[in-house]
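A.B. asks: Chain by chain, the residues run as shown.
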Amino acid sequence: MKELLERLEDRFTVTESDVERDNLAFITLPSKEVVQAATHLRDIEGFGHLVMISAVDYIERGIFQLTYILHNYDKHSDIGVRTEIDRRNPVMDSIHHLWAAARVYQQELREMFGIDFPGSPRVDEPMILEGWDNIPPMRKDFDTKKYAEETYFPREGRVTYDPARAMEEKNYPLEARVKKRIQKLLREGKDED
Amino acid sequence: MKERRISETNPWEPTWCDVPKLDLKSERYVKIWQGPQHPGVTGNMALELTLEGDVVVDCRTHVGYLHRGFEKLMERRRYIQCFPIVCRICVPEPDYNEYLFAAAAEELAGIEIPERGAWIRALVLELTRTAFLTMWLGGQAAAFGLGTIGQWSVAHRDFILDLFEELTGHRIYHMYIIPGGVRHELPEGFAGRVEAVLERIEKIISDIEKVMFHNAVFKARAKGLGYIPPSWVEPYGITGSTARGAGVAIDVRKDNPYLVYDKLDFEKIVGGESDVYERAVLRKEEILMSIRLIRQILKRMPGGPVRAKLPNVFHWRIPAGETYVRAESGRGEMGYYMVSDGTEYPRRVNVRGASYTHAMALLERLALGVSNADIAGLMTSIQTCPPEIER
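Residue numbers (the numbering used here), protein chains in the order written: chain A, 881 to 1073; chain B, 14 to 404.
Isolated chain A (complex conformation) (with noise of 0.2 Å):
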């Protein structure tokens, strides 16, 4: 690993490398030179298997950091290559050409992230989530919660019911009732207050 590691920062711009156990290393590249990088790791150093392409979010920084995840099955290593791509243009190089699946993955991410792989075939078309017109959902300024409260509501004529008192009701039905008077009681004498 560490031999591959020292011809790699032989031969492309590695800001940043971490080895994270003997078989698995991540390296950071500038994002011009990953689709370079990518050919160099599949043709020469025999990483044909391209595992997984994934995004993350890192908003306060205002990037997305790609990773692309490399397996040799001579070796039985996997190299995984970062690189930092701006958040407010995020358009990266496709690797539709070196691995047919690669599309897929592009695809995803076009949808989830908003990142743009011009020339990758199929990218515009919606994958999982057709007619959104939201935000790009993986992105984290998507506010899950405000979505489901927006968009998910209850049916009409449902009552939902606190469980605590609930069970207080069902268990113990007389004191429930002399605590319901109690407050009632205690309401009203506030509001003759």
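Derived by calculation from the structure, the hints in this document are not laboratory data. Each residue gets a CB set at the ideal place from its N, CA and C atoms; glycine is no exception.
Straight line, CA to CA, 25 Å or less: simulated DSS-like cross-link-like pairs of lysine-lysine: (1) Lys-216(B) with Lys-281(B); (2) Lys-1025(A) with Lys-85(B); (3) Lys-216(B) with Lys-312(B); (4) Lys-955(A) with Lys-882(A); (5) Lys-267(B) with Lys-955(A); (6) Lys-955(A) with Lys-281(B); (7) Lys-232(B) with Lys-216(B); (8) Lys-236(B) with Lys-223(B); (9) Lys-85(B) with Lys-1020(A); (10) Lys-85(B) with Lys-1026(A); (11) Lys-1070(A) with Lys-1060(A); (12) Lys-1050(A) with Lys-1064(A); (13) Lys-882(A) with Lys-267(B); (14) Lys-281(B) with Lys-267(B); (15) Lys-1070(A) with Lys-1059(A); (16) Lys-276(B) with Lys-955(A).
Distance ranges between label pairs, derived from CB positions: (17) Lys-1020(A) with Ser-39(B): 46 to 52 Å; (18) Lys-236(B) with Thr-1031(A): 47 to 53 Å; (19) Pro-324(B) with Lys-1020(A): 25 to 31 Å.
Take the given structure of chain A and dock chain B to it, following the hints.
C.D. replies: Using the frame of chain A, we list chain B on its own:
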């Protein structure tokens, strides 16, 4: 050399990106939808098929009927609260998700699990594989009209679910593998009951072999169907028994041993014919191998604690870092990419479903030139699992 229905073309031919130029107004083609509710598709997934006569000339997969946004939900939850979510990512094989999520969190947090915990985890994973593949055999047979096998195999999967109910309290989603090990010790006399179930499954597999693999109709329809050239394995990201059926010997359990697989005695099961029939035979062999593995595990399992001590899980901060862990599920390589930023919540969890590329990229390519009646069998054969495609 027998006839192949799909010629072994160069995988780098841009067939997957070219939209076939079909004149849909020429009244030559019929467009039909198979799914999202259809007995011939696995789960809720739709195939938009363009037919010329009976032959598929264009196939588009449509997913999105099961999207529940699990990866996004996990970003709002503490690590321990993610466990009821992750197991729902794949319905027939939930334990791989639990194991991988736990393994990723343990690796980032630097937690060692006790040895017995690892052995019990391996036992649970192999039981799940047996249950899934047994049910899968029934699904594959039913796709070619042998409905009885489906009834046998689902009934026998239920015996394994009974074991899970005894072990974990749940039948489908177990939430048994948690960070630090497993939730609790095996019940008393569990090994004996596992052995009884394994014997029943072995018996039904030998019955299934007689009526399925020696059946002339099944052979006629499945042999030569869905041929995957070995050169497609890397470009399409094919893993698991689908790749092994094509003669590519990859198995995560052997190549990157996790848990206790380096101590177990087993072999990769590799084929070469790479058609639907071959893949079904391989998976039947894999059930038998899983059964042998379960027996080995039960025999050699050491004593000791099953769970390491964890910090308070409701305030559990995992140090910043990122990792990728993988396991061999019944459908292929399953992996979790986890990024932690040092807070109590995961920054990002990305699931590599084993059938993600199978169902999306590969199926669209494989379906070309196949008869409409064989699409169901083909789809089952590459083990599509919609819940893990959309997550």
